[in-house]
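One line per chain: the protein sequences are A and B, in this order. Here my numbering is used: the first residue of the first sequence is 1, the next is one more, and so on. Here my numbering is used: the first residue of the second sequence is 1, the next is one more, and so on.
Among the clues, some could well be false.
Cβ-Cβ distance ranges computed for the label pairs, FRET-style [to be verified]:
1) A/Phe53 - B/Ser84: 21 to 27 Å
2) A/Arg74 - B/Asp103: 47 to 53 Å
3) A/Trp49 - B/Pro39: 45 to 51 Å
No farther apart than 20 Å at their CA atoms in a straight line, the calculated lysine to aspartate or glutamate pairs in the DMTMM-like style are these [claimed, not checked]:
4) B/Lys73 - A/Asp5
5) B/Lys73 - B/Asp48
6) B/Lys73 - A/Glu39
7) B/Lys73 - A/Asp31
8) A/Lys40 - A/Asp5
9) B/Lys73 - A/Glu36
Derived from the structure by calculation, the hints contain no laboratory data. A quick note: this is a predicted structure, and the numbers were derived from the prediction, not measured. Quick reminder that beta carbons are idealized off the backbone N, C-alpha and C, glycines included.
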Amino acid sequence: MTGDDIVFDVINAIAESDGIEPSEVDFNLSDHINPEALEKLGEVQGGVWELAFRVSDHHVRLNHDGTIFIDGRRYEADSVVQE
Amino acid sequence: MAIDPSSSEESAIDRWDRLHEILASQERRMIIYSLMDVPKERRIPLPDAAMTPESSWDQQRTSTRLRHHHLPKLVDAGYIRWESDPFCVQRGPRFAEVETMFDLIHDSISQFPKSLITGCEIYEKLYHDDR
Chain A
1 MTGDDIVFDV INAIAESDGI EPSEVDFNLS DHINPEALEK LGEVQGGVWE
51 LAFRVSDHHV RLNHDGTIFI DGRRYEADSV VQE
Chain B
1 MAIDPSSSEE SAIDRWDRLH EILASQERRM IIYSLMDVPK ERRIPLPDAA
51 MTPESSWDQQ RTSTRLRHHH LPKLVDAGYI RWESDPFCVQ RGPRFAEVET
101 MFDLIHDSIS QFPKSLITGC EIYEKLYHDD R
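So that you can see chain A by itself, here it is in the shape it has in the complex (with noise of 0.2 Å):
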């Protein structure tokens, strides 16, 4: 995971899961949670993590091998994975 595009990442997989475009999402992370401390957490070598916390009316859990859950579905690298 590529720290400064956590954030970018996290706001693509939610906008996802709602259908919409990134550019279209009606809330701003930085009022849910720091999105530095995303960012700090992103640049992490070698480290194992996970993250959970709520975006609005998501669920979002993330881990150290840029593995993003929205409400329990899977997204990596801006698609799908699995359901």
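Dock chain B against chain A, hints included.
Just chain B now, kept in the frame of chain A:
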């Protein structure tokens, strides 16, 4: 979000901490630089204002990072105002804090060690212009 620069609840030490935090991102620095180049009330288009000579250019990724991370942080510090549609930015009520800092860097560019210059196109250009 309105900030009155004259009645700050934050101490000067808090403001210095915040200033340095704001400066710890190339995209945030670039927005400040872009705003210094235009008249006070001017709105300038995003994401262009945040684009650095070094940045890889993916408009959607950059715009998303700006909306959800860098712009809220800059607003919170009082350095900018921004609008979503059209996507643009202008100076905020406390812009003078960053402006003064950047003016000082500009004026003293030739005194900075090369380790802070080489590889940073904006400063490299200033540095050579100053010599």
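Right, here's what the structure says about each hint:
1. At about 23 Å, the beta-carbon gap between A/Phe53 and B/Ser84 stays in the expected band of 21 to 27 Å.
2. At about 49 Å, the CB distance of A/Arg74 to B/Asp103 agrees with the hint of 47 to 53 Å.
3. Between A/Trp49 and B/Pro39 the CB atoms are about 46 Å apart, so this pair conforms to the stated range of 45 to 51 Å.
4. Between B/Lys73 and A/Asp5, the direct Cα distance comes to roughly 17 Å. Compliance with the 20 Å bound is thereby established for this hinted pair.
5. Proposed proximity of B/Lys73 and B/Asp48 is supported: the alpha carbons are some 18 Å apart, at most 20 Å.
6. Between B/Lys73 and A/Glu39 the CA atoms are separated by roughly 14 Å; this keeps the pair inside 20 Å, and the hint holds.
7. For a cut-off of 20 Å, the pair hint linking B/Lys73 to A/Asp31 stands: about 11 Å separates their Cα positions.
8. The suggested pairing of A/Lys40 with A/Asp5 holds, with an alpha-carbon distance near 11 Å, which does not exceed 20 Å.
9. Between B/Lys73 and A/Glu36 the alpha-carbon distance is near 10 Å, which keeps this suggested pair within the 20 Å criterion.
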